[in-house]
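Chemist: Using the hints provided, position chain B relative to the given structure of chain A.
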Amino acid sequence: DAGVTQSPTHLIKTRGQQVTLRCSPKSGHDTVSWYQQALGQGPQFIFQYYEEEERQRGNFPDRFSGHQFPNYSSELNVNALLLGDSALYLCASSSTGTAWSNQPQHFGDGTRLSIL
Amino acid sequence: KQEVTQIPAALSVPEGENLVLNCSFTDSAIYNLQWFRQDPGKGLTSLLLIQSSQREQTSGRLNASLDKSSGRSTLYIAASQPGDSATYLCAVTRNNDMRFGAGTRLTVKP
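If you read the protein sequences in the order shown, they are chains A and B.
Using our numbering, you'd call the opening residue of the first sequence number 1 and step up by one each time.
Using our numbering, you'd call the opening residue of the second sequence number 1 and step up by one each time.
One thing to keep in mind: the hints can contain errors.
Pairs of lysine-lysine residues, derived as DSS-like cross-links and limited to a Cα-Cα distance of at most 30 Å, are as follows [claimed, not checked]:
| # | chain 1 | residue 1 | chain 2 | residue 2 |
| --- | --- | --- | --- | --- |
| 1 | B | 42 | B | 1 |
| 2 | A | 26 | B | 109 |
| 3 | A | 26 | A | 13 |
| 4 | B | 1 | B | 68 |
| 5 | B | 109 | B | 42 |
| 6 | A | 13 | B | 42 |
Quick caveat, the hints were computed from the structure, so don't treat them as lab data.
Looking at chain A on its own, in the form it has when it is part of the complex (with noise of 0.2 Å):
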């Protein structure tokens, strides 16, 4: 039983430039969520889809958008990339109702982006 993957595994980018991560959910699981976790830092959330949809998002500006497939499987976009959004790109896997209270996330490796 296949667990949360990523792709690509490492990334870099130059400044100004727009990216494209993915994100492929455990086997039975519908929600998505990602998180941004910089170096030495934990990581913090960007936001949650399920049903195809933006449940839930946080401090993040209008840059960082996403989508979610019929497969629940999810894609992170990155537009016009800053320095500063070089950092460990985490997707984490839950199932519905219960994603936050009861049952723990499963996390894929993530994506390192790094930003030149």
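Modeler: Structure of chain B alone, referenced to chain A:
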């Protein structure tokens, strides 16, 4: 706004020692608290989840406690091993919002 703090930021112990990692949070109205392990360059692995109605959870050599009224949680690791070396993060959840601490980087020396 919920703030989560972990002390110490880094800890180095000899193999076999018992140790305690600390996590504090400012808003006691939480759904649950989770402890995660993160190896370098990797994602997070959930170790223990304590629901708001619970006081502690145990898994093998790990024991986590939760005191909501004081806004504190501890992760106790018994008989530490070099394989326990990693960063340990705690996270509190409320209203679909999960807030993480910055983590404690643990090194267990053989």
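Chemist: Return the numbers of the hints above that this structure violates; sort them in rising order.
Modeler: Going through the list in order, the structure violates hint 2 alone and respects the others.
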